[in-house]
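Peer 1: Quick mapping for you: the protein sequence lines, in order, are chains S and H. Number 1307 in the numbering used here belongs to position 264 of the first sequence; there are no gaps in the numbering. Number 794 in the numbering used here belongs to position 186 of the second sequence; there are no gaps in the numbering.
Accuracy of the hints is not assured; some may be wrong.
Claimed, not checked - What follows is a list of derived Cβ distance ranges for each label pair:
| hint | chain 1 | residue 1 | chain 2 | residue 2 | range |
| --- | --- | --- | --- | --- | --- |
| 1 | S | C1467 | H | P681 | 55 to 61 Å |
| 2 | H | P623 | S | L1300 | 23 to 29 Å |
| 3 | H | K863 | S | L1300 | 53 to 59 Å |
| 4 | H | A849 | S | D1500 | 50 to 56 Å |
| 5 | S | S1468 | H | G766 | 44 to 50 Å |
| 6 | H | D663 | S | R1271 | 42 to 48 Å |
| 7 | H | T680 | S | C1467 | 27 to 33 Å |
Said to hold, decoys possible - Chain S is faced by these chain H residues, among others (derived, beta-carbon under 8 Å):
| hint | residue |
| --- | --- |
| 8 | S631 |
| 9 | G633 |
| 10 | T662 |
| 11 | L664 |
| 12 | S742 |
| 13 | M765 |
| 14 | P800 |
| 15 | A833 |
Derived by calculation from the structure, the hints in this document are not laboratory data. For every residue, glycine included, the Cβ atom is placed at its ideal position computed from N, Cα and C.
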Amino acid sequence: MTQKFLPDLVSALREAGLRDGMTLSFHHHLRNGDFVANMVLEAAAKIGVKGLTIAMSSLFPIHKAMIPHIESGLIAALDTDYMSGPLAQAVSRGILEKPVVFRSHGGRPRAIGEGSLKIDIAIVAAPCVDRYGNINGTQGPSACGSLGYILPDVDHAQKVLAVTDFVSEAALTRVSIPHNRVDHVVVVDRIGDPAGIVSGSISLTRDPLALAIARNAQAVIRASGLLRNGFNYQTGAGGASLAASLFLREDMRRLGLKGGFLLGGITKYMVEMLEEGLFENIFDVQCFDLSSVHSMRDNPRHQEISADTYANPKQKSCCVDFLDAVLLGASEVDTGFNVNVLTDSNGMIIGGSGGHNDAAAGAKLTIIVAPLIRARLPIVVERCTTITTPGRTVDALVTERGVAVNPRRADLIDRLKEAKIPVCSIEELRETALRITGVPKAPARTGKVVGVVEYRDGTIVDKVYGV
Amino acid sequence: MKAFRTMLFMPGNNPGMLASADSLGADSVILDIEDAVAKSEKDAARILVRHSLTDLRPQGVMCVVRINGLETPFWRDDVAAAVAGRADVVLLPKCERPDDLREISACIDAASGGGDGIRLMALVESSRGIENVSAIAASGGRLAGMLLGAEDLTAEMGARRTPEGAEIAYARGRMLMACKACGIAAVDTPFPFVTDMEGLAKDAACAAQFGFSGKALISPHHVHAVKEAFMPTEAQIAWAARVMDTAKAAERDGKGAVSLDGMMIDLPIIKRAERILQMAE
């Protein structure tokens, strides 16, 4: 047996065999409170290696600390499902020679599993480790709940290094990553800032327009015929998406329904529906607030799942395939129903697919919820600046000013008409917006490709250009 | 009549809200140049309201402009803006006498040259106004309806405003009867306790039960609860449909009086059924 606990990150990285050109993987459950990636890269800089690829499931503003490491040559490439903040802006401005590979939350474990994303050292930001090296995410001062996104990395990496700030003397009874998968553990003062890891509570929006969108979205779900016992559902934690769960809850109570599972990023509003008996299970790949962390810790019907189980299209099945409906956001939707969640209207990187194109592909009903006009710009464009989710997987766009249904879904159009929900074409929605905003100027972009967008199945669906 | 069901007030000097006026689910929007707008902002609000009606006119909703009262130096300019914007309705606050409406109507005529189709609503919010509601309701012409303003009224009365609304029961009843007698819309006062959704539901249900045409609203969060209160139940809709079917069959067969479930179907019953079906559309 190797020595499990090592005194510091430098010795642990050396022990793991860190050398030039390796790929280090990280996960984003500590979100914008993550100290681990930055600490590990500091240690790697001390060792003096160059040309690393950083494969992190998502990158947040706190990871701006990677910018000097890119400039020094320590980091040569990034591979991620989402990035926002100063690092994303630096990438848009061309800081990296190699284009960033943007994947989805399901595409990443697929790439890891098939070997196209080969991980040398997987680093686990571990909220709780016992003295044997078992890990979970629900205990300790930096508890974040699910560790789902790093589980495929742990399964396939050459070495696994856990970084923790809490060691349990007692053996863990709830284990996310067993000790036999963990090569080394390093104990540090703090792995993260709890305020940035999970929100104490995510508030529901009071914005009347977001509520109008949410109400319209739930009306579409109601009319679709999918809302029945066993209904499986995913929604986001943002304004209209989250608010729609309130209206879903009202409908389920009124109709006396019991759903199957809730999926994806989990909030207290989903936990409340589970506890009220409106759903059988929560399958949790990421917790967004403390209520969901506590629920996953205490309620056996609230289960942690890996990114493989969540959305890997090459598995025998994955949870997104069982979804009845999903609500997703967008920064742009084009008249072919393609969706952009990666760049803003100026072409600057502001996000990424995350689970967007996975859930859209799997769900029987994919609804994009978005205001028709955002920051004085129409949400519907002729062609998305960047395509992250293909229009063939999107069924409807719901805005505060109307619902447009993909012409591929004539059955859904009929159902909405039957329910007296006004349906318009996506071109009509665009015209409505343009009447208010006028035609915006096209953004300026450089010729340099700063990113490639890989669809969940591995095909390249678009390129991201520098700005 | 459905346009009076939910009438949402919006500050006339808030471009963001005016741009979303037709997205909030209300049947009417009341673009307010009176109480929601500071004296120093009246000009700007007037211009904004006019442009929002001409350039970004809310679709599928009735557009009402609340002008400033006759006691102010602003109302003539407000009327001119409402006419230029082709408002559907001008709402006159602090209306106390039929002459108040005639004065506004003459001003609209002068501004538009007549034939403009603009209607009037009287906002009755004083004890004198309440005592004169019958005369106001009977003033005819452009008058389409009356709205009760309970905040100013109860302040003048020295009454305490409560969610239950016992203090405005008389005013509600008196205004309602005056409107019904003249066949114009009777619109209930807004519910002022913005976050009390339970109180709102009860208050709106009470207004619907009394027979008000609808209710004014001061928050977009109130729209759906009030709509729901004024929406007939499925049982009521089914009953109304059966009444209409029975009445039509009787007419076709040349029968006079007919009965349904042991109840005589006569004109008042048919009118009630028609109203239910109209509200359910």
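Peer 1: Give a verdict on every hint.
Peer 2: Hints and how they fare:
Checking the proposed 55 to 61 Å range against S/C1467 and H/P681 shows it is violated: the Cβ atoms sit about 45 Å from each other. As the Cβ distance of H/P623 to S/L1300 is approximately 42 Å, the hint placing it in 23 to 29 Å is violated. One distance hint, 53 to 59 Å for the beta-carbon pair H/K863 and S/L1300, is violated here, with the actual separation near 46 Å. Taking the beta carbon of each, H/A849 and S/D1500 are about 52 Å apart, inside 50 to 56 Å as hinted.
Distance hint check: the CB atoms of S/S1468 and H/G766 are about 58 Å apart, inconsistent with the given range 44 to 50 Å. For the pair H/D663 and S/R1271, the beta carbons lie near 45 Å from each other, so the given range of 42 to 48 Å is met. A hinted range of 27 to 33 Å is violated for the C-beta pair H/T680 and S/C1467, which are about 42 Å apart. For H/S631, the interface hint holds, since its Cβ comes within 8 Å of a Cβ in chain S; the closest pair sits about 4 Å apart.
For H/G633, the shortest C-beta to C-beta distance to chain S is roughly 6 Å, which falls under 8 Å, so the interface hint holds. At about 13 Å, the closest approach between the beta carbon of H/T662 and any beta carbon in chain S exceeds 8 Å, and the interface hint on this residue is violated. For H/L664, the interface hint holds, since its Cβ comes within 8 Å of a Cβ in chain S; the closest pair sits about 6 Å apart. Contact between H/S742 and chain S, as hinted, is not supported at the beta carbon level, the nearest pair being about 38 Å apart and thus beyond 8 Å.
The beta carbon of H/M765 is not positioned within 8 Å of any beta carbon in chain S (closest approach about 32 Å), and the interface hint is therefore violated. The restraint placing H/P800 at the interface with chain S is violated, with a minimum CB-CB distance near 18 Å, outside the 8 Å limit. Annotation: H/A833 was flagged as interfacial toward chain S, and the flag is violated, the nearest CB pair being 12 Å apart, outside 8 Å.
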